[in-house]
Amino acid sequence: MKAAIVVALAAAALAAGCATERTRYGDARATETLTNQFGSTDLQVMAESMARSMLQAPVIASSNLPIVTVQEVRNKTSEYIDTRAITDSIRAELQKGGRVRFAVDAAGMNPQTEELKRQQSGLYAKEHAAEMGQMVGAQYRLEGNIISIVKQVKDTKDVYYKLNLQLWNIRNGLLEWSDEKEIRKTTTRG
Amino acid sequence: MKSTLLIAAIASGALVAGCAAKKGFEKPGFAFGCPIGEANVSSMDDLVKAKVLSEGRRTTIQTTEMRCSQTGELLRIDANLNNDSRSVKRIAYKFRWIDREGMRAWEEEPWKPLMLHENSNLVINTISPTNKAADFRLILRSEE
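Protein chains in written order, with our numbering: chain A, 1 to 190; chain B, 1 to 144.
I should point out that these hints are in silico values taken from the structure, not numbers from a laboratory. Think of the CB as a built atom: it goes at the ideal place given N, C-alpha and C, for glycine as much as any other residue. Any given hint could be a false lead.
[Claimed, not checked] Here are the simulated BS3-like cross-link-like pairs (lysine-lysine), alpha carbons at most 25 Å apart as the crow flies: (1) K27(B) <-> K49(B); (2) K157(A) <-> K27(B); (3) K94(B) <-> K151(A); (4) K185(A) <-> K27(B); (5) K94(B) <-> K185(A); (6) K126(A) <-> K76(A); (7) K89(B) <-> K27(B); (8) K162(A) <-> K151(A); (9) K89(B) <-> K162(A); (10) K151(A) <-> K185(A); (11) K117(A) <-> K157(A); (12) K94(B) <-> K162(A); (13) K96(A) <-> K49(B); (14) K181(A) <-> K151(A); (15) K89(B) <-> K151(A); (16) K181(A) <-> K112(B); (17) K94(B) <-> K181(A); (18) K27(B) <-> K181(A); (19) K94(B) <-> K96(A); (20) K112(B) <-> K132(B); (21) K132(B) <-> K96(A); (22) K112(B) <-> K76(A); (23) K185(A) <-> K89(B); (24) K112(B) <-> K162(A); (25) K76(A) <-> K162(A); (26) K112(B) <-> K157(A); (27) K49(B) <-> K132(B).
[To be verified] Have a look at the derived ranges for each label pair, beta carbon to beta carbon: (28) G137(A) <-> G56(B): 45 to 51 Å; (29) G29(B) <-> H128(A): 24 to 30 Å; (30) E73(B) <-> E115(A): 33 to 39 Å; (31) M109(A) <-> D45(B): 51 to 57 Å; (32) L122(B) <-> T113(A): 47 to 53 Å; (33) G56(B) <-> R118(A): 48 to 54 Å; (34) Q112(A) <-> E26(B): 48 to 54 Å; (35) A19(A) <-> I124(B): 41 to 47 Å.
Kindly produce the complete structure, drawing on both the sequences and the hints.
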């Protein structure tokens with residue numbers, strides 16, 4: 001009996017030791033359908049679609065290099081979504097295209113003013129230190145919402161996401177551009 | 001007889017000139033508004049062959065039409081995709097942007113998933129992300 005237990009334990013230890021784990025690099029831009037929660041493909045598709053749409057907005061297409069600040073994209077879905085990742089991707093695409101300039105946003109204001117204060121602390125040569133009162137204010141602010149509608153019946157789960165973004169003129173409060181991107185994903189078991 | 005021949009010759013000349021003028025709407029190096037460079041494109045089929053690539057699993061979805069227009073410094077593209085089968089088809093697509101030197105003008109786009117109902121058409125459209133993009137390819141793959 002004891003011998004059988006020893007053999008079983010040895011076999012289990014051997015099996016655990018033999019279970020191999022394999023890690024490989026994948027395509028970061030491939031479609032990801034592991035679950036129907038908000039995923040990398042949704043983030044990439046929404047960001048690209050919105051950035052391309054924004055390029056056609058008259059205030060951006062006029063090539064006057066408008067200055068935009070990114071405000072919050074409110075997450076009104078039932079799951080955790082880092083909405084900052086969406087606006088960061090949109091900002092990166094627009095900045096890379098060289099059609100828009102971005103002013104420091106509310107989230108980046110503290111590090112910006114801290115650095116300005118540090119440069120004005122007397123430690124730096126005056127001609128190489130950034131002056132106070134030279135920051136450029138944004139002409140437009142980008143904000144939006146993301147919502148989701150989730151429905152589940154037995155073995156089928158349907159998730160609908162809608163991202164809405166708006167570009168507001170800060171001076172006169174006019175809405176200069178707005179667009180939406182919708183995504184629907186359905187998962188069926190069995 | 002001579003005058004009849006002369007009139008016929010003038011009429012056919014005018015007709016040819018008229019056709020030439022119509023074709024002349026297209027800038028050299030462009031077909032249906034899309035940049036083609038030195039490629040010999042005389043029909044929509046030629047344009048689709050020159051612009052659409054397949055990567056990964058092949059799809060039965062056909063690109064039937066493609067048109068481009070210049071929006072400021074950027075290139076706007078409309079492509080009509082057709083699913084003539086009796087079942088829903090799932091594909092992914094992306095555009096590849098090429099600059100005047102034939103090099104990549106933009107990083108590789110993410111694959112965008114798309115569902116086409118049976119016996120249906122769907123127009124996908126995009127705009128070039130940068131004014132450095134002078135040419136493009138539409139790439140399709142099956143997601144079945």
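Structure-based check of all given hints:
no.	hint	result
1	K27(B) <-> K49(B)	20 Å, holds
2	K157(A) <-> K27(B)	51 Å, violated
3	K94(B) <-> K151(A)	30 Å, violated
4	K185(A) <-> K27(B)	43 Å, violated
5	K94(B) <-> K185(A)	19 Å, holds
6	K126(A) <-> K76(A)	48 Å, violated
7	K89(B) <-> K27(B)	36 Å, violated
8	K162(A) <-> K151(A)	15 Å, holds
9	K89(B) <-> K162(A)	23 Å, holds
10	K151(A) <-> K185(A)	11 Å, holds
11	K117(A) <-> K157(A)	53 Å, violated
12	K94(B) <-> K162(A)	21 Å, holds
13	K96(A) <-> K49(B)	30 Å, violated
14	K181(A) <-> K151(A)	19 Å, holds
15	K89(B) <-> K151(A)	23 Å, holds
16	K181(A) <-> K112(B)	13 Å, holds
17	K94(B) <-> K181(A)	17 Å, holds
18	K27(B) <-> K181(A)	34 Å, violated
19	K94(B) <-> K96(A)	19 Å, holds
20	K112(B) <-> K132(B)	22 Å, holds
21	K132(B) <-> K96(A)	11 Å, holds
22	K112(B) <-> K76(A)	24 Å, holds
23	K185(A) <-> K89(B)	15 Å, holds
24	K112(B) <-> K162(A)	16 Å, holds
25	K76(A) <-> K162(A)	10 Å, holds
26	K112(B) <-> K157(A)	21 Å, holds
27	K49(B) <-> K132(B)	23 Å, holds
28	G137(A) <-> G56(B): 45 to 51 Å	47 Å, holds
29	G29(B) <-> H128(A): 24 to 30 Å	49 Å, violated
30	E73(B) <-> E115(A): 33 to 39 Å	35 Å, holds
31	M109(A) <-> D45(B): 51 to 57 Å	56 Å, holds
32	L122(B) <-> T113(A): 47 to 53 Å	49 Å, holds
33	G56(B) <-> R118(A): 48 to 54 Å	51 Å, holds
34	Q112(A) <-> E26(B): 48 to 54 Å	51 Å, holds
35	A19(A) <-> I124(B): 41 to 47 Å	44 Å, holds
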